[in-house]
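2 protein chains.
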Amino acid sequence: MFNFLVRQTDLGGQARLGTLATAHGDIDSPAFMPVGSLGPVKGLDAGDLQALGFGLILNNAYHLYLRPGHEVVAELGGLHAFLSWPGAILTDSGGFQVFSLAKLCKVTDEGVTFQSHLDGSLHHITPERTIEIQEALGADIIMAFDECVAFPASRDRLREAVLRTNRWAVRCRAARRRTDQALFGIVQGGHDPDLRVQAARDVVSMGFDGYAVGGLSVGEDKSVMYRMLEATVPELPVMSPRYLMGAGMPEDLVEGVARGIDLFDCVVPSRHGRTGWLFTSFGRVLIKNARYARDERPIDPECRCPVCTQHSRAYLHHLFTVKEMLGVRLNTLHNLHYFADLMRRIRKAIQSRSFAAFRQEFHAQRERVGAECGDVSTRGTDAVQARTSWEEERG
Amino acid sequence: MFNFLVRQTDLGGQARLGTLATAHGDIDSPAFMPVGSLGPVKGLDAGDLQALGFGLILNNAYHLYLRPGHEVVAELGGLHAFLSWPGAILTDSGGFQVFSLAKLCKVTDEGVTFQSHLDGSLHHITPERTIEIQEALGADIIMAFDECVAFPASRDRLREAVLRTNRWAVRCRAARRRTDQALFGIVQGGHDPDLRVQAARDVVSMGFDGYAVGGLSVGEDKSVMYRMLEATVPELPVMSPRYLMGAGMPEDLVEGVARGIDLFDCVVPSRHGRTGWLFTSFGRVLIKNARYARDERPIDPECRCPVCTQHSRAYLHHLFTVKEMLGVRLNTLHNLHYFADLMRRIRKAIQSRSFAAFRQEFHAQRERVGAECGDVSTRGTDAVQARTSWEEERG
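Chains as they are written, first to last, in the numbering used here: chain H, 1 to 395; chain X, 1 to 395.
Derived from the structure by calculation, the hints contain no laboratory data. Positions of the beta carbon are idealized from the N, C-alpha and C atoms, including for glycine. Don't take each hint at face value.
Stated by the list, open to error - Residues on chain H that point at chain X, a partial pick, calculated with CB under 8 angstroms:
no., residue
1, Phe4
2, Phe282
3, Leu286
Said to hold, decoys possible - Calculated pairs, DSS-like style, for lysine-lysine (alpha carbon to alpha carbon, straight line, at most 27 angstroms):
no., chain 1, residue 1, chain 2, residue 2
4, H, Lys323, X, Lys222
5, H, Lys323, X, Lys288
6, H, Lys288, X, Lys323
7, X, Lys222, X, Lys348
8, H, Lys222, H, Lys323
9, H, Lys103, X, Lys323
10, X, Lys348, X, Lys323
11, H, Lys323, H, Lys348
12, H, Lys323, X, Lys348
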């Protein structure tokens with residue numbers, strides 16, 4: 001059912017063009033996955049995501065396990081039927097949410113005991129249990145269960161988490177019953193390059209259908225994240241898909257691709273959309289700013305999305321000001337279009353053997369316009385992103 | 001620009017088929033207007049409303065006067081441009097909102113002084129000022145300023161309000177500058193049939209492009225509302241459109257049409273949608289009920305709306321439970337489709353000279369199925385509607 005083909009590799013670089021073949025369609029990579037924490041991407045329906053060009057979304061096993069429950073989803077025919085989503089789905093194992101959202105989290109080698117962030121009810125999750133839950137949910141790609149460590153952490157703490165994550169990975173592999181789902185292993189190791197290399201070698205030796213880089217975009221500097229990718233990716237098999245978990249600012253995508261990443265997910269387009277942070281080719285537009293109250297221009301005059309071709313900044317400013325939910329929907333549609341379009345442009349650049357030039361121009365344009373406009377600043381973008389990433393940027 | 005044509009009248013009844021011609025399209029009547037209090041119908045875009053078949057929406061002058069301000073809307077090209085709405089628009093005068101939402105409302109013959117419900121700022125509105133605001137907003141149909149009296153009220157209080165409303169109507173007529181907008185007069189008179197008749201005669205004698213029946217659906221029994229329509233409508237010119245303001249439960253539409261009403265508006269489809277109250281051919285479905293958690297059927301198996309053709313009750317129940325905003329959007333889309341479809345069926349029945357039979361079957365079906373299902377009850381519908389109408393059913 002699942003297959004990954006590297007179709008082209010960038011000359012003199014790590015960027016690559018590929019195709020993920022799934023039972024629910026082929027996805028061109030590098031690809032970005034919108035996040036539907038509770039099922040849908042907030043405010044959007046399946047048709048909206050298809051119209052934007054997405055063929056693969058991410059759902060959170062943790063949230064769906066709590067509500068409506070994986071047995072309910074299974075009874076209703078699995079996630080695809082439940083969501084009426086004809087495309088492919090990846091579920092995360094819930095590890096990140098257990099460690100970041102749940103209360104009174106207690107970890108042993110056996111598994112994790114935690115209290116639901118919703119009602120304080122007690123839950124016990126093991127590697128075997130996460131596979132059972134994800135098999136019931138029925139995504140095309142499922143993830144091994146990993147221990148996520150808050151940033152910053154000591155080397156000993158990171159090493160302990162890596163060793164446990166890898167022991168859990170073995171158990172996840174052994175616990176599989178369904179053969180029609182791809183299972184990805186996760187490389188942890190925090191901001192320690194040696195640990196990353198060791199973790200990658202161990203996980204690769206177990207043999208998974210794909211490999212994820214976890215534990216990044218949790219508050220560290222971008223330079224640290226890039227260095228960790230540079231340490232990790234070369235250890236991963238060339239023919240397997242590589243997925244950078246939870247990082248999704250536009251510059252992360254460009255720089256991740258430059259370091260050989262094929263898949264990304266992040267709640268940034270939707271969550272930032274809800275706060276009125278709009279992504280454009282020239283940086284960000286904070287639509288709440290009073291300067292937009294009478295601005296008849298679209299968010300980004302160069303954008304061809306259904307929002308920019310139809311609505312003014314003034315209207316979106318009004319919707320934000322009066323807290324009208326249509327504003328959230330339109331902001332999210334615009335942001336997701338920006339992300340889909342960015343990935344299309346990245347793929348096109350790789351295909352035409354001009355990714356290095358694309359990457360250079362991408363940064364240059366943001367620097368250029370960012371210096372001119374008040375709320376258009378890559379620097380500001382980075383700062384806010386670093387501050388909020390752990391608490392806010394992931395479901 | 002504005003023209004109304006009665007194309008057919010029901011044999012032996014008051015129901016009639018007509019066409020409202022506006023600069024922004026022709027609208028078949030009887031018609032229902034979705035309400036966009038702050039501009040859009042909550043969560044929906046222009047394309048959504050067009051796809052549902054609506055050609056005429058209502059916007060609240062009160063809300064748009066406060067935010068973003070009528071001058072801002074005018075500067076941006078008027079409401080149609082601001083909302084990117086190609087169809088027709090009716091604005092109410094703000095009277096209802098001033099009297100129901102605003103604080104410390106002080107009425108004199110000259111006008112009304114009130115505090116904004118948003119920030120307590122002081123505003124003074126006169127009949128002349130409401131026309132100025134509505135001309136700036138630029139709807140196709142604008143409304144005279146009326147004094148709305150809370151239910152119940154004494155006959156003296158009602159008479160006083162009628163006399164003031166009618167004096168204000170004269171001033172509204174005189175204050176007009178734009179000739180490309182239709183201006184509708186409003187008949188008040190509470191639950192007093194004699195007052196209604198007198199109010200209607202006075203307003204009609206002034207000559208408006210259409211006539212609205214105001215001050216109903218404010219907490220009175222449905223039988224009282226129907227009696228008031230029976231007293232008022234025969235006083236209105238046969239060739240002018242008749243608009244029942246703010247009443248919009250399905251039975252109100254059928255019974256209003258039966259009494260000669262051409263236009264309706266109500267926030268019921270969207271507001272009830274937000275509370276998970278879904279309208280169907282057999283009564284209501286309260287999607288929050290646990291019984292729907294594993295129900296694979298659509299809301300209404302007979303419904304052809306984009307929600308019922310795609311999603312299960314179980315999914316909508318989940319979206320409601322987790323407070324996912326997509327749930328509100330889907331519920332609203334379904335409810336508005338129900339209303340659009342009900343009006344289409346009403347028009348078809350009038351056209352095929354079978355409205356009396358349609359009306360009988362409409363009530364019979366709800367009685368029949370309502371008696372069988374727990375949360376499907378016309379009786380319950382009425383009770384809740386009567387209780388919440390004044391505070392909640394209007395923007």
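Evaluation of the provided hints:
1. Phe4: violated (30 angstroms)
2. Phe282: violated (23 angstroms)
3. Leu286: It is violated, given that the least Cβ distance between leucine 286 of chain H and chain X is near 17 angstroms, above 8 angstroms.
4. H/Lys323 / X/Lys222: violated (34 angstroms)
5. H/Lys323 / X/Lys288: Status holds; Cα separation ~24 angstroms.
6. H/Lys288 / X/Lys323: holds (24 angstroms)
7. X/Lys222 / X/Lys348: holds (25 angstroms)
8. H/Lys222 / H/Lys323: violated (33 angstroms)
9. H/Lys103 / X/Lys323: holds (21 angstroms)
10. X/Lys348 / X/Lys323: violated (38 angstroms)
11. H/Lys323 / H/Lys348: violated (38 angstroms)
12. H/Lys323 / X/Lys348: violated (39 angstroms)
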